[in-house]
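Just so you know, the protein sequences line up as chains A and B, in that order. Start counting the first sequence at 19; every next residue gets the next number (our numbering). Start counting the second sequence at 19; every next residue gets the next number (our numbering).
The set of hints was computed from the structure by calculation and includes no laboratory data. Be a bit skeptical, because a hint or two may be false.
Remember, identical chains collapse to one label, so a pair may be satisfied in a single copy or spanning two.
Using 25 Å as the maximum straight-line C-alpha spacing, the simulated DMTMM-like pairs for lysine to aspartate or glutamate come out as follows [said to hold, decoys possible]:
(1) Lys360 <-> Asp394
(2) Lys360 <-> Glu160
(3) Lys106 <-> Glu224
(4) Lys131 <-> Glu243
(5) Lys278 <-> Asp49
(6) Lys318 <-> Asp49
(7) Lys360 <-> Asp112
(8) Lys412 <-> Glu243
(9) Lys131 <-> Glu289
(10) Lys123 <-> Asp443
(11) Lys412 <-> Asp394
(12) Lys131 <-> Glu308
(13) Lys360 <-> Asp304
(14) Lys278 <-> Glu97
(15) Lys412 <-> Glu224
(16) Lys318 <-> Glu243
(17) Lys192 <-> Asp49
There are 2 protein chains.
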Amino acid sequence: MNVEIVNTGSELMLGRVLNTHQQWLCRRLADLGHVVTRQVAVADRGGEIQQAVREALGRAELVITTGGLGPTSDDITRELIAQMLGRKLVPNQDVVAHIERFFAKRGRPRPLKTEVETLVPEGALVFLNETGTAPGLALCLEPERDEERRGESEEGSGASRPSSILHPPPSFAKQWLVMLPGPPRELRPMFESAVVPLLAREFAAEIFVCRTLRSTGVGESRVQEMIEAAVQSMVGAGLEVGYCARPGSVDVRLTAEGGKAAQLVHAGEAEVRRILGPHIFGCDDDEIEEVVVRLLTARKQSLALAESCTGGHLAHRLTNVPGASAVFCGGLVSYANEAKEKLLGVRAESLRQHGAVSEAVAREMAMGVRAAFRSDFALAVTGIAGPGGGTPEKPVGTVFIALACAEGVAVEQRLNPWERLTFKDVTATQALEQLRRRL
Amino acid sequence: MNVEIVNTGSELMLGRVLNTHQQWLCRRLADLGHVVTRQVAVADRGGEIQQAVREALGRAELVITTGGLGPTSDDITRELIAQMLGRKLVPNQDVVAHIERFFAKRGRPRPLKTEVETLVPEGALVFLNETGTAPGLALCLEPERDEERRGESEEGSGASRPSSILHPPPSFAKQWLVMLPGPPRELRPMFESAVVPLLAREFAAEIFVCRTLRSTGVGESRVQEMIEAAVQSMVGAGLEVGYCARPGSVDVRLTAEGGKAAQLVHAGEAEVRRILGPHIFGCDDDEIEEVVVRLLTARKQSLALAESCTGGHLAHRLTNVPGASAVFCGGLVSYANEAKEKLLGVRAESLRQHGAVSEAVAREMAMGVRAAFRSDFALAVTGIAGPGGGTPEKPVGTVFIALACAEGVAVEQRLNPWERLTFKDVTATQALEQLRRRL
Chain A
19 MNVEIVNTGS ELMLGRVLNT HQQWLCRRLA DLGHVVTRQV AVADRGGEIQ QAVREALGRA
79 ELVITTGGLG PTSDDITREL IAQMLGRKLV PNQDVVAHIE RFFAKRGRPR PLKTEVETLV
139 PEGALVFLNE TGTAPGLALC LEPERDEERR GESEEGSGAS RPSSILHPPP SFAKQWLVML
199 PGPPRELRPM FESAVVPLLA REFAAEIFVC RTLRSTGVGE SRVQEMIEAA VQSMVGAGLE
259 VGYCARPGSV DVRLTAEGGK AAQLVHAGEA EVRRILGPHI FGCDDDEIEE VVVRLLTARK
319 QSLALAESCT GGHLAHRLTN VPGASAVFCG GLVSYANEAK EKLLGVRAES LRQHGAVSEA
379 VAREMAMGVR AAFRSDFALA VTGIAGPGGG TPEKPVGTVF IALACAEGVA VEQRLNPWER
439 LTFKDVTATQ ALEQLRRRL
Chain B
19 MNVEIVNTGS ELMLGRVLNT HQQWLCRRLA DLGHVVTRQV AVADRGGEIQ QAVREALGRA
79 ELVITTGGLG PTSDDITREL IAQMLGRKLV PNQDVVAHIE RFFAKRGRPR PLKTEVETLV
139 PEGALVFLNE TGTAPGLALC LEPERDEERR GESEEGSGAS RPSSILHPPP SFAKQWLVML
199 PGPPRELRPM FESAVVPLLA REFAAEIFVC RTLRSTGVGE SRVQEMIEAA VQSMVGAGLE
259 VGYCARPGSV DVRLTAEGGK AAQLVHAGEA EVRRILGPHI FGCDDDEIEE VVVRLLTARK
319 QSLALAESCT GGHLAHRLTN VPGASAVFCG GLVSYANEAK EKLLGVRAES LRQHGAVSEA
379 VAREMAMGVR AAFRSDFALA VTGIAGPGGG TPEKPVGTVF IALACAEGVA VEQRLNPWER
439 LTFKDVTATQ ALEQLRRRL
């Protein structure tokens, strides 16, 4: 089955907003056995949206659009698609009632602009929006079935409807065009509650198995060199192996389709695990912070943090993990030396003699924060994020990471000469990996 | 001029990786006067990559591909495009030398896999990779010019080359196909150092002006209702107005093309600023944390943080701003009540009587952290991120935000019933906005 996504939005084409729908929808659809074959983004302009949707309908059984269903003047997807398919827009009373309730609950008058959101193309299935006002819409483009549906529909008038003007005409017996609202917090629950059941009813899932093994400490080329001979026979039998280099880690992705998919992926995983061993920190969606929270939870142990150059990013990543509060006592973000002395008990002598970015200070920060929070483990990070502040002995990107526990403190030195955000991210990953290896 | 982007990568279609190239490239190209008309993503499969590139070349003067140039077996873009265009792959000595240097510097042997990266399509411009091994490639598809280039090239053999097999044939006098490597830290510097000069030489920039005004505290429909009458005449004259709802804020985007673009956008901005007034916290790329750092820097004032439910996210956002260290003393992430008492001086009595999520505790956290860091301002956040922990009086999403300064403490209560990451993000934005309004 071919599945295509059309993301509409001038803000996407101007690069003003990050398109997170592509990843989210592709991921959920793959998990449901429908791998997306193409994703397209176009601006909120009539010709471009219609052309992109028309082309997608010429290739795919399922086309999902995002965006352009809201109340403002640049929300034009609903109208353009109705026009292209020759369907009238008719008011839907369920949507009217839903929007009334939405504003009543918030004690605000319903803005006149929301009127347009109550109009739906004739014969469309309507998905009420649990977290907003604009409904989602689904159109089945199988002509006979469509006629039947129109007969059932309350709003269906007896008037004749122009026939579909798709070009090229679809070669499928049945197609679905699903339109979802743009804001992620509206799209995501709507996909789960309305689109997932629709897909289950209308499309047979294909057998598709995907497993991603996440490794750290080895480069991308070297990872492939290490494993390719061992998985060669499986690749011959239909296993696909993909590699993806990320900041601080390399993903190995094993996928297969059809009856032997699970068996092939399973065999591939066993080989990759055997070869990469402790370099693998997790699989699929595992982030290293989740693995660390899981390990600490299982051991009933706790963690505290003292962050200088990562500026709270390490705490932020840990507290993104549901349940982190059971193991994470807290942390201190200490940019100023005074805070390092006063709150962490770092000695003025160490700061003077070795500088804030030094093994000695990292060590004292870790010990200090472990004592302050009375935690089992403590991680401390101090480094030079740049762009300024580097010296010949300690160039920009220099980092000291200290791990303190009851047995003592271990400090590792790293060089991460990346721009600010990548620097914070890679450094945080290294600190978490240092703790993971200890657990 | 039409510009299209083709992102290749099975990991994108399986939703295993977020596509950040779309936003980054669209943004940079728009800034250079070349608005991207379409972006397409396809899997690393021969037929799909070739079809997508062929279609893009049938529509656009500039096509940029990302990904598929690396050393592993799923990096197939280079070869597929060379094949499609009927160009031989020839070894390039500059690339060989560059890759040798790359590994020599790191004291590692050069992996055999990197051999494929030294092959480039005949006649391609080669962009050496400052932060990796795979070079970028650019092909000019103007037939005559191309022949000339081949004559000059060292690698050019006298052998005849199959003619271009584009379908549909391009209707442009000259086209450029630019291939960039997938990792963002390789793609971005290469775009700046090699693609920007190429575009400046080969394409006349169109006049395009874009201004985004970022507002907070008013919903999307209401924003449009407030401003549309005032900008109507400018819209008639060619101004485009777009709206984008984001967590905690609404962007108003003003764009125009041609000779009067700057004038139209300028007049639109004046109207929007007049009407939305203090709701506008910044423009274009301004994040509210940048505005806050700027304001504090100008006033030579400092800030400390006490975070409970935002778990370090507020500190992380602030420390993403270059120069934040001049105004940000530090912060405490205090998940456990014990840490609130011991490190912030929150009274056990307040915790017992009102609970950790209360106005009283927020107030004492702000005062405590302000005293500990001796800062001018302090923000404290305590709330219930959920999914558990809600009560009828304090449902999930309840947040207290306290702002302490020399004059006293102000506490605001909010309800942010979103999922964990959105909750942290919206709450952090509200805290920063509370401080911004005070500055």
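Have a look at Lys318 and Glu243 and pick one of within, between, both or neither, based on CA distance no larger than 25 Å.
The answer is neither: 39 Å in one copy and 55 Å across copies each exceed 25 Å.
Could you place Lys412 and Glu243 in one of the four classes (within, between, both, neither) given a Cα distance threshold of 25 Å?
This pair counts as neither: shortest intra-copy Cα distance 33 Å, inter-copy 56 Å.
Could you figure out if Lys192 and Asp49 sit no more than 25 Å apart (CA to CA) within one copy, between two copies, both or neither?
within (22 Å within a copy, 43 Å between copies)
Can you give me the call for Lys412 and Asp394, within, between, both or neither, at a CA distance of at most 25 Å?
neither (31 Å within a copy, 32 Å between copies)
Between Lys360 and Glu160, at a C-alpha cutoff of 25 Å, which is it: within one copy, between copies, both, or neither?
neither (72 Å within a copy, 67 Å between copies)
First find the shortest C-alpha distance between Lys360 and Asp112 inside one copy, then the shortest across copies, and answer within, between, both or neither for a cut-off of 25 Å.
Classified as neither: same-chain Cα gap 61 Å, cross-chain 54 Å, threshold 25 Å.
At most 25 Å between C-alpha atoms: does Lys131 with Glu243 qualify within a copy, between copies, both, or neither?
between (59 Å within a copy, 7 Å between copies)
When no copy is named, should Lys278 and Glu97 be tagged within, between, both, or neither for a Cα gap of at most 25 Å?
Neither. Shortest intra-copy (45 Å) and inter-copy (30 Å) distances fail the 25 Å Cα cut-off.
I want to check one pair: Lys131 and Glu308. Are their C-alpha atoms no more than 25 Å apart within a copy, between two copies, both, or neither?
neither (43 Å within a copy, 33 Å between copies)
Should Lys131 paired with Glu289 be assigned to within, between, both, or neither, using CA atoms and 25 Å as the limit?
For Lys131 and Glu289, only the inter-copy Cα distance (20 Å) is at most 25 Å; the intra-copy one is 58 Å.
When no copy is specified for Lys278 and Asp49, does a C-alpha distance of 25 Å or less occur within a copy, between copies, both, or neither?
This pair counts as within: shortest intra-copy Cα distance 17 Å, inter-copy 50 Å.
Using 25 Å as the alpha-carbon threshold, which applies to Lys318 and Asp49: within, between, both, or neither?
Close neither inside one copy (33 Å) nor across copies (52 Å); limit 25 Å.
The structure is inconsistent with the numbered hints 2, 3, 6, 7, 8, 11, 12, 13, 14, 15 and 16, although it conforms to all the rest.
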